[in-house]
Structures are given as structure tokens and as C-alpha cells.
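Just so you know, the protein sequences line up as chains A and B, in that order.
Everything in the first sequence is counted per our numbering, starting at 191 for the first residue and increasing by one.
Everything in the second sequence is counted per our numbering, starting at 191 for the first residue and increasing by one.
Derived by calculation from the structure, the hints in this document are not laboratory data.
The reader is advised that the hints may include incorrect statements.
Because identical chains cannot be distinguished in the list, a pair is counted as satisfied if it fits within a single copy or across any two copies.
[Said to hold, decoys possible] Straight-line C-alpha distance at most 20 angstroms; calculated EDC-like pairs for lysine to aspartate or glutamate:
hint : residue 1 : residue 2
1    : Lys-281   : Asp-549
2    : Lys-281   : Asp-547
3    : Lys-480   : Glu-334
4    : Lys-409   : Asp-298
5    : Lys-480   : Asp-547
6    : Lys-281   : Asp-527
7    : Lys-281   : Glu-563
8    : Lys-480   : Glu-574
9    : Lys-221   : Glu-334
On a predicted model such as this, the values are computed, not experimentally measured, just so you know.
Protein chains: 2
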Amino acid sequence: MNPSPFAPATVDEPPAIPGVRLATAMAGIKKAGRTDVLLMAFDPGTTVAGVFTTSRCASAPVEWCREALPAGTCRGLLVNSGNANAFTGRKGREATRISADLAAAALDVAPGEIMLASTGVIGEPLAAEKFAGVMDGLASDLAEARWADAARAIMTTDTFPKVASRTVTVDGRPVTITGIAKGAGMIAPDMATMLAFVATDAVAAPAVLQTMLSEAVAKSFNKITVDSDTSTSDTALLFATGRSGVAITTPEEPGAAAFRAALDGLLLDLAHQIVKDGEGCTKFVAVTVKGAESDISAGRIARTIADSPLVKTAIAGEDANWGRVVMAVGKAGEPADRDRLTISFGDVRVAVEGARDPDYSEAAASQVMKQSEIAITVDLGIGEGCDTVWTCDLTKAYVAINGDYRT
Amino acid sequence: MNPSPFAPATVDEPPAIPGVRLATAMAGIKKAGRTDVLLMAFDPGTTVAGVFTTSRCASAPVEWCREALPAGTCRGLLVNSGNANAFTGRKGREATRISADLAAAALDVAPGEIMLASTGVIGEPLAAEKFAGVMDGLASDLAEARWADAARAIMTTDTFPKVASRTVTVDGRPVTITGIAKGAGMIAPDMATMLAFVATDAVAAPAVLQTMLSEAVAKSFNKITVDSDTSTSDTALLFATGRSGVAITTPEEPGAAAFRAALDGLLLDLAHQIVKDGEGCTKFVAVTVKGAESDISAGRIARTIADSPLVKTAIAGEDANWGRVVMAVGKAGEPADRDRLTISFGDVRVAVEGARDPDYSEAAASQVMKQSEIAITVDLGIGEGCDTVWTCDLTKAYVAINGDYRT
Numbered sequence: 191m192n193p194s195p196f197a198p199a200t201v202d203e204p205p206a207i208p209g210v211r212l213a214t215a216m217a218g219i220k221k222a223g224r225t226d227v228l229l230m231a232f233d234p235g236t237t238v239a240g241v242f243t244t245s246r247c248a249s250a251p252v253e254w255c256r257e258a259l260p261a262g263t264c265r266g267l268l269v270n271s272g273n274a275n276a277f278t279g280r281k282g283r284e285a286t287r288i289s290a291d292l293a294a295a296a297l298d299v300a301p302g303e304i305m306l307a308s309t310g311v312i313g314e315p316l317a318a319e320k321f322a323g324v325m326d327g328l329a330s331d332l333a334e335a336r337w338a339d340a341a342r343a344i345m346t347t348d349t350f351p352k353v354a355s356r357t358v359t360v361d362g363r364p365v366t367i368t369g370i371a372k373g374a375g376m377i378a379p380d381m382a383t384m385l386a387f388v389a390t391d392a393v394a395a396p397a398v399l400q401t402m403l404s405e406a407v408a409k410s411f412n413k414i415t416v417d418s419d420t421s422t423s424d425t426a427l428l429f430a431t432g433r434s435g436v437a438i439t440t441p442e443e444p445g446a447a448a449f450r451a452a453l454d455g456l457l458l459d460l461a462h463q464i465v466k467d468g469e470g471c472t473k474f475v476a477v478t479v480k481g482a483e484s485d486i487s488a489g490r491i492a493r494t495i496a497d498s499p500l501v502k503t504a505i506a507g508e509d510a511n512w513g514r515v516v517m518a519v520g521k522a523g524e525p526a527d528r529d530r531l532t533i534s535f536g537d538v539r540v541a542v543e544g545a546r547d548p549d550y551s552e553a554a555a556s557q558v559m560k561q562s563e564i565a566i567t568v569d570l571g572i573g574e575g576c577d578t579v580w581t582c583d584l585t586k587a588y589v590a591i592n593g594d595y596r597t
Numbered sequence: 191m192n193p194s195p196f197a198p199a200t201v202d203e204p205p206a207i208p209g210v211r212l213a214t215a216m217a218g219i220k221k222a223g224r225t226d227v228l229l230m231a232f233d234p235g236t237t238v239a240g241v242f243t244t245s246r247c248a249s250a251p252v253e254w255c256r257e258a259l260p261a262g263t264c265r266g267l268l269v270n271s272g273n274a275n276a277f278t279g280r281k282g283r284e285a286t287r288i289s290a291d292l293a294a295a296a297l298d299v300a301p302g303e304i305m306l307a308s309t310g311v312i313g314e315p316l317a318a319e320k321f322a323g324v325m326d327g328l329a330s331d332l333a334e335a336r337w338a339d340a341a342r343a344i345m346t347t348d349t350f351p352k353v354a355s356r357t358v359t360v361d362g363r364p365v366t367i368t369g370i371a372k373g374a375g376m377i378a379p380d381m382a383t384m385l386a387f388v389a390t391d392a393v394a395a396p397a398v399l400q401t402m403l404s405e406a407v408a409k410s411f412n413k414i415t416v417d418s419d420t421s422t423s424d425t426a427l428l429f430a431t432g433r434s435g436v437a438i439t440t441p442e443e444p445g446a447a448a449f450r451a452a453l454d455g456l457l458l459d460l461a462h463q464i465v466k467d468g469e470g471c472t473k474f475v476a477v478t479v480k481g482a483e484s485d486i487s488a489g490r491i492a493r494t495i496a497d498s499p500l501v502k503t504a505i506a507g508e509d510a511n512w513g514r515v516v517m518a519v520g521k522a523g524e525p526a527d528r529d530r531l532t533i534s535f536g537d538v539r540v541a542v543e544g545a546r547d548p549d550y551s552e553a554a555a556s557q558v559m560k561q562s563e564i565a566i567t568v569d570l571g572i573g574e575g576c577d578t579v580w581t582c583d584l585t586k587a588y589v590a591i592n593g594d595y596r597t
């Protein structure tokens, strides 16, 4: 697989989070020569919040996390790539229990204090025993400056590791947030999964953390689409070690504003990295709908445009095909008036008042479409609602990655 | 563009419908050398029913038909391929008026008795004056045995003309139904459109005809998907000339049963032909969901599976990837219990009770996936609801057809 054109030349180690230590290993779950297990250890008192897939067929590790989350604290996270432990029935539940027991023993904590995530092949039983052979080594190898390695260990068909960090001043003192993610990739017969693990040294109660995470996810991971498909394993976890001593007591207090802006920005950064590493992606596209009846309506229309195979193939072909954008607006089923639509690609207005812009320039529109980052803006002209969804183009490489491995 | 592997070697002229005459011409709207205009003339007293796109941005001809339909009768239909007259603003409305005026004059009827349909480029003004040069020739050339030619004249990127006919006995007397359709095809910068024009020599009041058409469309054209996108121009019209003298007085009467079964079968036949000529299609796939909470729920899940790019690329790759079917079930948001799912490809059960079938045979499943027609069956195991949606695979040719014309 070729690297994404958006892959960075190098990925630097981000600032560490006091109270978080990481280690990676090769357990032989993924193909030989690649790290496939990540262990994260958190200091006592670390709080946790989580957001999971909306799939009605969630994986066994997602079910495990949902049960563990209400305790509000966490001492360890075990992640494996190579096997999603999804659609594995009773054996899948056993595998999560074995995994948590092994991690808990290595960290000398209770199994209920361990969070789990898996990504990779689905339907194949996860041989959790394989963790036994590497767990002691992981525990003795834990270190704070291992975030970039951790980002590599959770990759499946990602072509680059995804890391982001922000340091902000809250009440005059520095607070750091660092996170990693993996994106929508697929290998035979694997399944795309979005995983994100973010930690901060702020002090925050679980309920406060959950509110901030849920709202940040709504503005980032829930605003991206690669191919409209939803994994059974999507997981975003936020940990707060409290080691900075800086407290976020409520999500609404003035001191929380800077922290939340940083958290929002970090998650959006990771979300954009996921889109930029979408399978076969050559273009990064921001679809903005404004002038809608409501923000929700704008979001639905933006998502319909961003998910449309005809819009996405046109972008791959560098074609300023606003007709397909109109088509997608029409199929969204939301309030819209064909004869009030205005559509722009980049800063080139291509259509206005329900017809091609009288000043339309094919050359100018083509120039926009040749860029690697493209903004599509639709003004419905009927209200004040606005939203943006990010997506990538649909290329032959996407079909090849997801369909060619047998032929 | 290569012909679909499902393209028939020859397309025979179907049985004519007394009271319906057809003619085709080249008006220079589509590329040179191809017929691009169809005129149909109906005897006095012909009733009409119609079903149109659900798009909120419907084309000007769709708006015209919606206004003309309540009269319940129709004397002529003018169809052009090459320009959809969609998203053309005020000029588009003028073009429909000019088109209807020209057809009405040629047939010596009122403009309000003319139905219109257009398919092809969108956003470009339709030069309706071009019809003037061919209209007299069309009118003088009208003949009953022209259905196959008509099917060719409405093609855009279709690779074969779509024709179907049924003759049934109602109250001891023969009644014939003949129809044509064009499918989801796309060329730069065109837009997919589903058009179907069906006629019968039965006697039926407009309201009766409308009920029968609406219900038949719900079971056929509304149960297919090529790429989940919805045209601004989708139009299905049913005409009844009454020339057989056989009356369908109500949709529910015993005598109507045979007629409705034939109409349902004919529309399903045309719908399947459209899928089999889907862009880049190499596989015809029936997705059946049973054991759902309701038929509606089953239909939603079946459509989610049939629309999933990951399922469709797996089929293109001849991969029995039931994991992606589980994923699609999960994302549909309908009631489902992961641990009760049973999934079959053809007659090979690949998963049962939420895990891989213990008797799963990779060889047997692969054999099924190599066939050109594939049945995917999902039993949710929670109710009695059942539905089927038909789709095709997603191939590199689809991306090429829809994205490659600039690069």
C-alpha cells in the first residue's frame, strides 16, 4: 500500500503526560515484524471518559469498556491490533476477560480497572493467551516517552502514525493533553476501526471529563467520513491523571474554556489525520453547508454530500461537478429550495440561485479541484444553520484495497 | 465503456400496445449518431399514473409532470436523453413549456396533455428549439412496433436497452403490458437517472392506475440501489389506453390480481435490468433480511447492506466477507442482536449465533462468490419481518466511469 500523500515525513515524540506510561510489543497477532500490542498504565486516581461506536453489533471489547466505564477511574489500557475480537460470540467475551486479567496482574490492579480495545480481523477468535508471553516484558518496559511508538502499535492499514498534543495555560498553570489515533483502514478480511486514546495531566472528575469528551467527539470524530461505514469497534477514551494539580471542576467554568478549546482542537487534529489517511485518499475535503433551517439539518446535508460516491469520485477526477452536489442536497431529504442554492468550490462560486453562475470559469474551478485540500461550500439560503463535515475522495485505490485481495 | 456482462445478445421487439405509437429521432442533444428524442402518442382516453424522484431538488420536467398528472389523462410523452434540464432555473421551466408546446402541436393536442422527461447533462440549459426541427418527422413516423428503438433512444451510459412485456388473462381476455427503462449511468458531467415508461391496453381509471403503479414501484424500483445516490429526474409513468376493453375497476377486485402480478413482475424485471447494467457492475446481488422486527426494519437493514461500499467492494473481490455484512447490520440502527445473527452467501451458511459457522467452508463460500448472481441472506432471529433489496458490486470501473474523465 502506498503512503497517503498527506503522510508527514517524520513523527516526533509529543510531550509526555505525567502519570501515563506506555509500552508496545509484538505478540504475533498482526503480521510478523510489526508491534501489535499497546499497554498503557495510569497512576492511581486517574479518571476516565469514553465514547463508543453507535453500531448495534458492537465488539466484545466495546462491551467490556461500557461495563467498566461507570467506575470512572482506570489504571490500565490494553490495545491489540490484528484481531478486532468482534463477532466472536461467547469466545469473544472470554477473550476480553482473559486479556483484562493478564493486564491487571501485570500492573497489580483489579481487572475492572483495565480498559480494552481491539482492531483488525473480525470473526476470528482472539487468542488472548498470546498476551501472556509479552505482558511481563510490557510491564517492565513502561515509560512516559512512548507515545509515537504507541501510535505505531495500533495501526492496521494506516499509512502513518497519528499523534497530537496541546499545552495550554489554565488558571496561570500549564496543562498538557496528548493523544494518538488510528483510522479507517482495511486489510483482508479486516474491518475499519477508529481508535483514539488521549490523556491529560489535568484534574477532572469522570462526569466532567465525559461531558468534555462527548462534546469534543461530536465536533471531530463524528464529523468525518471516509466511506460512510461504521465500525463495530470505534472507541475514544480520555484519561486524566491529575498530576498537574490544575483542576477543571465543571465544564462551564471560565478556567475550563482554554482546556476545552485545546481538547477540541486536538481531537479535530486527530480526526483530520484519519481522513487524510483514508483508504486510497488523494484529496482532503471540507464540506460546509450554511443557510440551512438548523445546524442539525446543515449537518445532515453536509454528511450526505460527503458520503455520496458520485461526489467523491468527481473529486477524485478533479471535476468541479456541482450537479452531483445538487443531487446530494436533494437526496438528503432536508428542507432546501433548489432555486436558492449557491455552491462554491474553494473561492470559486460555480452556481447561484439554482443555476450555473453567469460568471462561472471552468479554468478557475479546475484550478481549485487540482489542489490537495478542497473546500465545498453550499449556501441553502433559507436559514441560519451551519455545519462542516470532512471527507476524502473515492479512488480506484479504495476499491483495490477493499476488494482486490482475492482477485 | 464495456458492455455489462449481463447485456443480452439481442433485444427483440416486444408485443405492441394498441393505442400507443412511438417514434425516435436524432436532435443533436446527445452526441452525434445516436437517437436522443422519443415521442410517444396515446389514443384519446388514455389514462396515466406517475411516480417521481423523492429529491428535494427535482428537475424542471419532473415539476412539469407533477402539475400535469392530476388531469389523469395523457396524449403524448416527449423524452430526451443528453440533457436533464435539471438545476437550470427559470430557463429550465421555459424549456419544458417550449417542449410541451412543440409536442402538443405535432400531435394536435393540448400542452397540458403532454408528459415530459429529460436525462443527461445537468446545469446546462436545454435548447428546446432543437426539438422543432425533428418534431414533424417524429409525428409522421409514429408506429406501434417501436418499443426497442424507444428503449435505445432514452439510453445515456446504459450499455443495453431495457425492455419487458407481459400478457395476462383478465376475466378470460388477454391484456398486455409493455415497458422500457433506462438506468443509473453517468458520463461527464452527467447524472444518473432512472426512467421507466410502461403502457397497457387495459381500461383503468387514473386513481386505480396510480395505486397499482405506486405499489409496484415500491416493490421494484424502490428496492434497487447502484450507488445509493438519488437522481433529480427519476420518473416512472404508466399509461392505460383501454383498447383491450378489459377493465380493472378497483385495485382490489379479483380480476385485478393477475394484472397486478404481471405489472409487479414487469417492473421488477426492468428494475433488475437496471441493476445488471449498473456502472462497472460485474455481480448482481440480492440482499435478503429476514427475522427482523418488521418488514420496514428488514428493508432498512437490507438497504444499508446493499449500499455499503465495504460490502460492495468485497463482492467485487469475490470475498465472502460476512464481517462487513455484520458491520452494515450494526450501522443500520435497527433492532438487531449480534449473537443471534445468521448469515448465508448463496446456500452456504457462513455465520450463526453471532460467530463463524463451525462448519464454515472457505472453498464453498468462495465458489458462491465466483458466480455472477449472488444471494446474501441475513436472518436476525428476532421477528418475522422480511425484505429484499437488489444491488451490484462496486468496482474500479465505477470509479473510472465517474471520476476518470478529467484525469
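The hints, checked one at a time:
Within a single copy, Lys-281 and Asp-549 get their C-alpha atoms only as close as 63 angstroms, which misses the 20 angstroms cut-off; across copies the closest is 17 angstroms, which meets it. In this assembly of identical chains, Lys-281 and Asp-547 lie within 20 angstroms of each other by CA distance solely across copies; the values are 13 angstroms between and 60 angstroms within a copy. Proximity of Lys-480 and Glu-334 under a CA criterion of 20 angstroms is satisfied in neither setting, with 44 angstroms inside one chain copy and 51 angstroms between copies. Taking the closest pair of Cα atoms, Lys-409 and Asp-298 never come within 20 angstroms of each other, the shortest separation being 37 angstroms inside a single copy and 60 angstroms across copies.
Only within a single protomer do Lys-480 and Asp-547 lie at most 20 angstroms apart by alpha-carbon distance; the minimum there is 18 angstroms, versus 49 angstroms between protomers. Taking the closest pair of Cα atoms, Lys-281 and Asp-527 come within 20 angstroms of each other only across two copies (16 angstroms); inside a single copy the shortest separation is 53 angstroms, beyond that limit. For the identical chains of this complex, Lys-281 and Glu-563 are neighbours neither inside a copy (44 angstroms) nor across copies (34 angstroms), given an alpha-carbon limit of 20 angstroms. For a Cα distance limit of 20 angstroms, the shortest separation of Lys-480 from Glu-574 inside one copy, 7 angstroms, qualifies, whereas the shortest one across copies, 43 angstroms, does not.
In this assembly of identical chains, the alpha carbons of Lys-221 and Glu-334 never lie at most 20 angstroms apart, being 26 angstroms within a copy and 66 angstroms across copies at closest.
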